[in-house]
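Q: Use these hints to put chain Y onto chain S, whose structure you have.
Protein chains: 2
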Amino acid sequence: MMKFRDCWALRLEKVERILAEALPGRHEEPKLLHEAMRYSTLEGGKRLRALLAMAACEAVGGDLKKTGGFAAAVEMVHAYSLIHDDLPCMDDDDMRRGKPTNHRVFGEAVAVLAGDGLLTQAFLELARMPEKYGISAETTVRVVEELAQAIGSLGMVGGQVVDILSEGKEISGETLEYIHSHKTGALFTAALRGGALLGGCSERQLELLTIYGENFGLAFQITDDILDEVGDSSQTGKAVGSDREAGKQTYPHLYGLERSRELARECVQACLDALEEFPAQAWFLRELAKFVLIRES
Amino acid sequence: MMKFRDCWALRLEKVERILAEALPGRHEEPKLLHEAMRYSTLEGGKRLRALLAMAACEAVGGDLKKTGGFAAAVEMVHAYSLIHDDLPCMDDDDMRRGKPTNHRVFGEAVAVLAGDGLLTQAFLELARMPEKYGISAETTVRVVEELAQAIGSLGMVGGQVVDILSEGKEISGETLEYIHSHKTGALFTAALRGGALLGGCSERQLELLTIYGENFGLAFQITDDILDEVGDSSQTGKAVGSDREAGKQTYPHLYGLERSRELARECVQACLDALEEFPAQAWFLRELAKFVLIRES
Numbered sequence: 000m001m002k003f004r005d006c007w008a009l010r011l012e013k014v015e016r017i018l019a020e021a022l023p024g025r026h027e028e029p030k031l032l033h034e035a036m037r038y039s040t041l042e043g044g045k046r047l048r049a050l051l052a053m054a055a056c057e058a059v060g061g062d063l064k065k066t067g068g069f070a071a072a073v074e075m076v077h078a079y080s081l082i083h084d085d086l087p088c089m090d091d092d093d094m095r096r097g098k099p100t101n102h103r104v105f106g107e108a109v110a111v112l113a114g115d116g117l118l119t120q121a122f123l124e125l126a127r128m129p130e131k132y133g134i135s136a137e138t139t140v141r142v143v144e145e146l147a148q149a150i151g152s153l154g155m156v157g158g159q160v161v162d163i164l165s166e167g168k169e170i171s172g173e174t175l176e177y178i179h180s181h182k183t184g185a186l187f188t189a190a191l192r193g194g195a196l197l198g199g200c201s202e203r204q205l206e207l208l209t210i211y212g213e214n215f216g217l218a219f220q221i222t223d224d225i226l227d228e229v230g231d232s233s234q235t236g237k238a239v240g241s242d243r244e245a246g247k248q249t250y251p252h253l254y255g256l257e258r259s260r261e262l263a264r265e266c267v268q269a270c271l272d273a274l275e276e277f278p279a280q281a282w283f284l285r286e287l288a289k290f291v292l293i294r295e296s
Numbered sequence: 000m001m002k003f004r005d006c007w008a009l010r011l012e013k014v015e016r017i018l019a020e021a022l023p024g025r026h027e028e029p030k031l032l033h034e035a036m037r038y039s040t041l042e043g044g045k046r047l048r049a050l051l052a053m054a055a056c057e058a059v060g061g062d063l064k065k066t067g068g069f070a071a072a073v074e075m076v077h078a079y080s081l082i083h084d085d086l087p088c089m090d091d092d093d094m095r096r097g098k099p100t101n102h103r104v105f106g107e108a109v110a111v112l113a114g115d116g117l118l119t120q121a122f123l124e125l126a127r128m129p130e131k132y133g134i135s136a137e138t139t140v141r142v143v144e145e146l147a148q149a150i151g152s153l154g155m156v157g158g159q160v161v162d163i164l165s166e167g168k169e170i171s172g173e174t175l176e177y178i179h180s181h182k183t184g185a186l187f188t189a190a191l192r193g194g195a196l197l198g199g200c201s202e203r204q205l206e207l208l209t210i211y212g213e214n215f216g217l218a219f220q221i222t223d224d225i226l227d228e229v230g231d232s233s234q235t236g237k238a239v240g241s242d243r244e245a246g247k248q249t250y251p252h253l254y255g256l257e258r259s260r261e262l263a264r265e266c267v268q269a270c271l272d273a274l275e276e277f278p279a280q281a282w283f284l285r286e287l288a289k290f291v292l293i294r295e296s
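Chain order of the listed sequences is S and Y. Once you know that position 2 of the first sequence is 1 in numbering that gives the first Met the number 0, the rest is easy, because the numbers rise by one and skip nothing. Once you know that position 265 of the second sequence is 264 in numbering that gives the first Met the number 0, the rest is easy, because the numbers rise by one and skip nothing.
Same shape as in the complex, but just chain S (with noise of 0.2 angstroms):
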């Protein structure tokens, strides 16, 4: 068996292909527009969701290369959702991935505008699933259909408005997790369920993969939160305490870093345990969630 990270870097390359090649390319008019979507899509981050989706395609037995469309298409609502996200009216973020925001390199009107261009790309590119990667209609139907739901008003674009409705205030715990299980965990929850879908998974694979991707995008906000604490800057690329700062409730502060490190590995474990079922083939979700626990930004 492959190891994980030459597979990670193998897939990643796979993930930035595909991605620079279903974005109009910059010389398309509006060109500006163009640059701007490319530059919060490409040569970033570590394109988990896309993973994710690779990877559960994988593990119920379905072909790796009928989620091409998918994996860009996530990948362009991730990007969409931190363009957003970092706009002034929002988070007001001048850094990203280490590189400015897109509305310091761009402006603030073409980067709301670079944010509805890929959202819209991701749909795009979904419906083009017949044709490109010869998924049948039902099935793509049924990808869009998750995926919207899970990225509209009462999934990500929800959990985002209640973030920044709670900043600078007290909240319960409960807050905390509907924000992070609508804000994060939901577009990695369609992800991993879109993923299967492509492969032809049964529906108690469904069942098992919302299970672990709950707990995956649980875990995943409980290490960004320690991350931000005490991570390294260079890694991150934003600086320490600046989500507290920004007047964020967050995990270290609501259970503190002992109990938070706790609950991460907790996550991590449900994770695993909603794998039990699967085959050899879910290995790289294995390795996705334990390396949650492991990251460094």
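Simulated from the structure, these hints should not be mistaken for laboratory data. Ideal Cβ positions, reconstructed from N, Cα and C, are used throughout, including at glycine. Accuracy of the hints is not assured; some may be wrong.
[Unchecked claim] Derived lysine-lysine pairs resembling PhoX-like cross-links, with alpha carbons at most 25 angstroms apart:
#, chain 1, residue 1, chain 2, residue 2
1, Y, Lys13, Y, Lys98
2, Y, Lys30, Y, Lys98
3, S, Lys131, S, Lys65
4, S, Lys98, S, Lys13
5, Y, Lys247, S, Lys30
6, Y, Lys247, Y, Lys13
7, Y, Lys2, Y, Lys64
8, S, Lys64, S, Lys2
9, Y, Lys30, S, Lys168
10, Y, Lys168, S, Lys30
11, Y, Lys45, Y, Lys64
12, Y, Lys30, S, Lys247
[To be verified] Covered stretches of chain S (in silico footprint by chain Y; criterion: 3 or more residues with CB under 8 angstroms from a CB of chain Y, positions within the stretch not fixed):
#, stretch
13, 120-129
14, 160-173
A: Showing chain Y alone in chain S's frame:
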């Protein structure tokens, strides 16, 4: 034949009902977000895009009832585009349809996210067409593709970017036409094409309706510019000359009022010409084209 205005009123009512049902309710969390989404989508507007979709379906002999989800989706897309267009970093408008703009009521952050939520909800509504409206998965995928292409970075969003970048500059008639054909025309055309596809149209009909759509969009934009110059602000809901003052290039400014009126008439004639091969059922489309010339808001 039922008179145009009566039929319009009936269809309008139907669109309002479908939209009110398709959007998450005011009492669903996050309530403020859903209130914001509903505020800018319900009880307002002429519903031209929904009416075009319905009329195109009717014109090709299709069943009007099949267009429900799609009609709601195009109106959600329209509402999202207005919310984002009105933002301080874009056109910075305080009033829309005679009431305060979304960000004036809900704040900028929620306004951006309400727009994002509406765009996503539009695609969710399309994905539900098989289940809710008995549309085949193949047609659903085709309609998702049509809409995403029309409103993305090579369509509506692209038009908005060029519009923003042109503000306060002298631009050519060619650029002005680019802006409008993308910013306004693309969604009109997609509404027509989607409606026709749902009605089971032929490729020839699709082509003709595209010509209708392009000319309809142009006529609409020219009369919009004329109304901005000479309209009754109690009808248009915005101050006379507000586009001009915002440094926007307009048709009357570029060609004069008389030539602009003539251009609009020529476009409407082109709409009617495109419908020549269509049967009597295309009557509503014909009336809609003629309406553009006499509208007061």
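Q: Next, verify each hint and record whether it holds.
A: Taking the hints in turn, this is what the structure says about them:
Between the alpha carbons of Lys13(Y) and Lys98(Y) the distance comes to roughly 23 angstroms, so the proposed pair stays at or under 25 angstroms and holds. Under the criterion of a C-alpha separation no larger than 25 angstroms, the hint pairing Lys30(Y) with Lys98(Y) is consistent with the structure, at around 20 angstroms. Distance hint between Lys131(S) and Lys65(S) is fulfilled; the C-alpha atoms sit about 9 angstroms from each other, no more than 25 angstroms. Pair hint Lys98(S) plus Lys13(S) holds up; C-alpha atoms about 23 angstroms apart against a cutoff of 25 angstroms.
Among the hinted pairs, Lys247(Y) with Lys30(S) is consistent with the structure: their alpha-carbon atoms are about 21 angstroms apart, no more than 25 angstroms. A hinted pair counts as satisfied when its Cα atoms are at most 25 angstroms apart, and Lys247(Y) with Lys13(Y) does not qualify at roughly 35 angstroms. Restraint check: the Cα-Cα separation between Lys2(Y) and Lys64(Y) comes to about 20 angstroms, which is no more than 25 angstroms; the hinted pair holds. Under the criterion of a C-alpha separation no larger than 25 angstroms, the hint pairing Lys64(S) with Lys2(S) is consistent with the structure, at around 20 angstroms.
Our distance criterion of 25 angstroms between C-alpha atoms is met by Lys30(Y) and Lys168(S), whose separation comes to about 18 angstroms. Our distance criterion of 25 angstroms between C-alpha atoms is met by Lys168(Y) and Lys30(S), whose separation comes to about 18 angstroms. For the proposed pair Lys45(Y) and Lys64(Y), the alpha carbon gap of about 19 angstroms is at most 25 angstroms, so the pair holds. With a C-alpha separation of about 21 angstroms, the suggested pairing of Lys30(Y) with Lys247(S) holds against the 25 angstroms cut-off.
Taking a C-beta to C-beta cut-off of 8 angstroms, the stretch 120-129 of chain S contributes 7 residues in contact with chain Y, enough for the three needed, and the coverage statement holds. Check on the stretch 160-173 of chain S: 4 of its residues sit with their Cβ under 8 angstroms from a Cβ of chain Y, so the three-residue criterion for coverage holds.
Violated hint for the displayed structure: number 6, the only one.
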